[in-house]
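Work out the full structure, taking the sequences as your base and the hints as a guide.
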Amino acid sequence: MTREADPEVILEASHLSKSFGGKPALRDLSFTVRRGEIFGLLGHNGAGKSTALGIFLGMVEPDGGEARIGGASVQRRRARALRQAGAIFESPAFYDYLSGMDNLRVLMSYSGGFDEEAALRVVEEVNLGDRIHSRVSTYSHGMRQRLALAQALLPEPRLLLLDEPTDGLDPEGIKWFRDFILRLREERGMTVLFNSHLLSEVEQMCDRVAIVRQGRKVYDGRLEGIADEEMTLEIEADPVEQARACYGRLGGRELGEEGKVSFPEGTDPAVVARELVEAGVNLRRLTPLRRSLEDVYLEVTGTPEGKEESS
Amino acid sequence: MKLFLIQLRSELRKLFARRRTYIGYGAFLILELVILWVFHLDKPREEMGKILSDAGLEVDHYYSALTVTYWMLGFSMAMLGAIYLALVSGDIVAKESEDGNLRMVLARPISRLRVLTIKYVAVLIYTLTFVWFVGVSGYLMSSIALGWDGGLFVWNYELRVFSFFPEVTTGAGRLCLAMLLLSLSMCTLSSIGFAFSCLRIKPAAATILALSVLFVDSVLQMLPFMAPYKEHLLTHRMSNWVYVLENHVSWAKLAESYTALIGLDLTLFVLGWMAFRVRDFKT
Numbered sequence: 001m002t003r004e005a006d007p008e009v010i011l012e013a014s015h016l017s018k019s020f021g022g023k024p025a026l027r028d029l030s031f032t033v034r035r036g037e038i039f040g041l042l043g044h045n046g047a048g049k050s051t052a053l054g055i056f057l058g059m060v061e062p063d064g065g066e067a068r069i070g071g072a073s074v075q076r077r078r079a080r081a082l083r084q085a086g087a088i089f090e091s092p093a094f095y096d097y098l099s100g101m102d103n104l105r106v107l108m109s110y111s112g113g114f115d116e117e118a119a120l121r122v123v124e125e126v127n128l129g130d131r132i133h134s135r136v137s138t139y140s141h142g143m144r145q146r147l148a149l150a151q152a153l154l155p156e157p158r159l160l161l162l163d164e165p166t167d168g169l170d171p172e173g174i175k176w177f178r179d180f181i182l183r184l185r186e187e188r189g190m191t192v193l194f195n196s197h198l199l200s201e202v203e204q205m206c207d208r209v210a211i212v213r214q215g216r217k218v219y220d221g222r223l224e225g226i227a228d229e230e231m232t233l234e235i236e237a238d239p240v241e242q243a244r245a246c247y248g249r250l251g252g253r254e255l256g257e258e259g260k261v262s263f264p265e266g267t268d269p270a271v272v273a274r275e276l277v278e279a280g281v282n283l284r285r286l287t288p289l290r291r292s293l294e295d296v297y298l299e300v301t302g303t304p305e306g307k308e309e310s311s
Numbered sequence: 001m002k003l004f005l006i007q008l009r010s011e012l013r014k015l016f017a018r019r020r021t022y023i024g025y026g027a028f029l030i031l032e033l034v035i036l037w038v039f040h041l042d043k044p045r046e047e048m049g050k051i052l053s054d055a056g057l058e059v060d061h062y063y064s065a066l067t068v069t070y071w072m073l074g075f076s077m078a079m080l081g082a083i084y085l086a087l088v089s090g091d092i093v094a095k096e097s098e099d100g101n102l103r104m105v106l107a108r109p110i111s112r113l114r115v116l117t118i119k120y121v122a123v124l125i126y127t128l129t130f131v132w133f134v135g136v137s138g139y140l141m142s143s144i145a146l147g148w149d150g151g152l153f154v155w156n157y158e159l160r161v162f163s164f165f166p167e168v169t170t171g172a173g174r175l176c177l178a179m180l181l182l183s184l185s186m187c188t189l190s191s192i193g194f195a196f197s198c199l200r201i202k203p204a205a206a207t208i209l210a211l212s213v214l215f216v217d218s219v220l221q222m223l224p225f226m227a228p229y230k231e232h233l234l235t236h237r238m239s240n241w242v243y244v245l246e247n248h249v250s251w252a253k254l255a256e257s258y259t260a261l262i263g264l265d266l267t268l269f270v271l272g273w274m275a276f277r278v279r280d281f282k283t
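So the sequences go chain by chain: A and B.
In terms of the working numbering, the first sequence has 304 at position 304, counting the first letter as 1, and numbering is strictly consecutive.
In terms of the working numbering, the second sequence has 256 at position 256, counting the first letter as 1, and numbering is strictly consecutive.
Keep in mind that the hints were calculated from the coordinates and are not lab data.
One or more of the hints may lead you astray.
Have a look at the derived ranges for each label pair, beta carbon to beta carbon [stated by the list, open to error]:
id	chain 1	residue 1	chain 2	residue 2	range
1	A	L120	B	M79	31 to 37 Å
2	A	G64	B	R200	18 to 24 Å
3	A	E172	B	L12	35 to 41 Å
4	B	T259	A	L120	48 to 54 Å
5	A	G221	B	L271	45 to 51 Å
6	B	I262	A	N127	46 to 52 Å
In silico lysine-lysine, BS3-like type, Cα no more than 25 Å apart, as pairs [unchecked claim]:
id	chain 1	residue 1	chain 2	residue 2
7	B	K282	B	K95
8	B	K202	B	K282
9	B	K230	A	K23
10	B	K202	A	K23
11	B	K253	B	K230
12	B	K202	B	K95
Built from N, CA and C at the ideal position, the CB exists for glycine as well.
Structure follows, in structure tokens:
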């Protein structure tokens, strides 16, 4: 069913929940992706990102909630919803015994038909023109990923769903992929949902992120400024007790790591230094730190070792 | 409909592009050569000659390409055909599911029912072409060895069929009808493999389960106390293609058997679809 929806919202996850064998994989996950946005879905391995993607593509049936693409419910109007989306998986599985072009021919037959001219155009775009008639079994991982990109782009989707697309690619391949996605957004206004645990990739590509932990959304917001919502200073001062009192007066809180203190957004480091000196604290060092996305990610997921029980 | 045909062509392209498909065809040609060689040995020739002469039939006329083709069909389908068709039908969904190809397919705007229908029709087409390949290649090889002429002699002790067709055209026509019904019989085996293939199991498991069903059913058929219930057994119904080779065909008996088999095929398809539609596909 198509419901009255904000035409600017291309993808909407609404209260999605899913369990596998009684173990929750997603818990009440909601977010929206707007037209022309590159949206990152971040989380550890097993956090529920691929389950969410499976639900968006109608491959996983949610226990509760609904996913909509372009206003059409994936659960109730699957074909209509998926006509607007293209997807790439972490390890795209092609028919290895067929050529790249035959794979496109087969896959496009499920999307309403194959147009050889359009296929050749897209194949050139993804730099696969010279090998498209070779068997896929002879392709490198990078070439497979470019073929995956071609099959996703051929139906001219409005939304591209990418599940860990740069995993296993060499640095050159990662850069090519990133530039290509950014160009797609720039030139075609493509909306992209980028599912990854590679923070650097997300940082370089995404406008907005949702961080998922144990199936639950723990952060959702714009990327620009995410790292600067708070001001973190690295301070070396004594006596410590006196310095702590000063931090408290300025709304600061000590982070787990030694010497790191977080202050509310907009706090001037000079004000902190003055407060400490005026309180008679011996200030040896004060360095402003910019929190990286990684810091935020580790903070909200609360697992600095990067370990997460699988779900 | 046009789109369905395009999708079916794609499915058949996948099926027939596999090297394994042709290895299977090659294996059958070798098996047919072996059967042909066995028929050339003195002992089998003598045995058959005795049966024919006891029946008052001319040995040279009925020891022919058509007769050998009939035996080839029966032997090769029972010995290797069942294994091979169970392998292909057990693979059709489960292999793609295991390899991850299905995720690429299901990410497209196509319903699961349609995906399964295309695959099922492809398996049925494969089964039909396979049986016909065995029949036609068997006849060609037998013709080269024995000459194309001669009558058709059919003998099946289990089903109490003993018939002969002196004219080559009549015999060939009957054999074509038999091949058609044998293909339908084998479609039931393919349907069993297909239904198991729709479950969340490995392709090899689907094949083994399909063959197990067939094996258990044929063992039951051999048990003396199961004789009154033979009509309910799958392998008995599947062997009923031989009845079309009787001199006086009992069409009602054939219609009953094949209605039951086609009904079972459809039921298996629905069961497969019911299992497939609720499955989650995720890495």
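Evaluation of the provided hints:
| no. | hint | result |
| --- | --- | --- |
| 1 | A:L120 - B:M79: 31 to 37 Å | violated (48 Å) |
| 2 | A:G64 - B:R200: 18 to 24 Å | holds (22 Å) |
| 3 | A:E172 - B:L12: 35 to 41 Å | holds (39 Å) |
| 4 | B:T259 - A:L120: 48 to 54 Å | holds (50 Å) |
| 5 | A:G221 - B:L271: 45 to 51 Å | holds (48 Å) |
| 6 | B:I262 - A:N127: 46 to 52 Å | holds (51 Å) |
| 7 | B:K282 - B:K95 | holds (15 Å) |
| 8 | B:K202 - B:K282 | holds (15 Å) |
| 9 | B:K230 - A:K23 | violated (48 Å) |
| 10 | B:K202 - A:K23 | holds (24 Å) |
| 11 | B:K253 - B:K230 | holds (14 Å) |
| 12 | B:K202 - B:K95 | holds (7 Å) |
In summary, the structure is inconsistent with hints 1 and 9 from the numbered list given earlier, while agreeing with the others.
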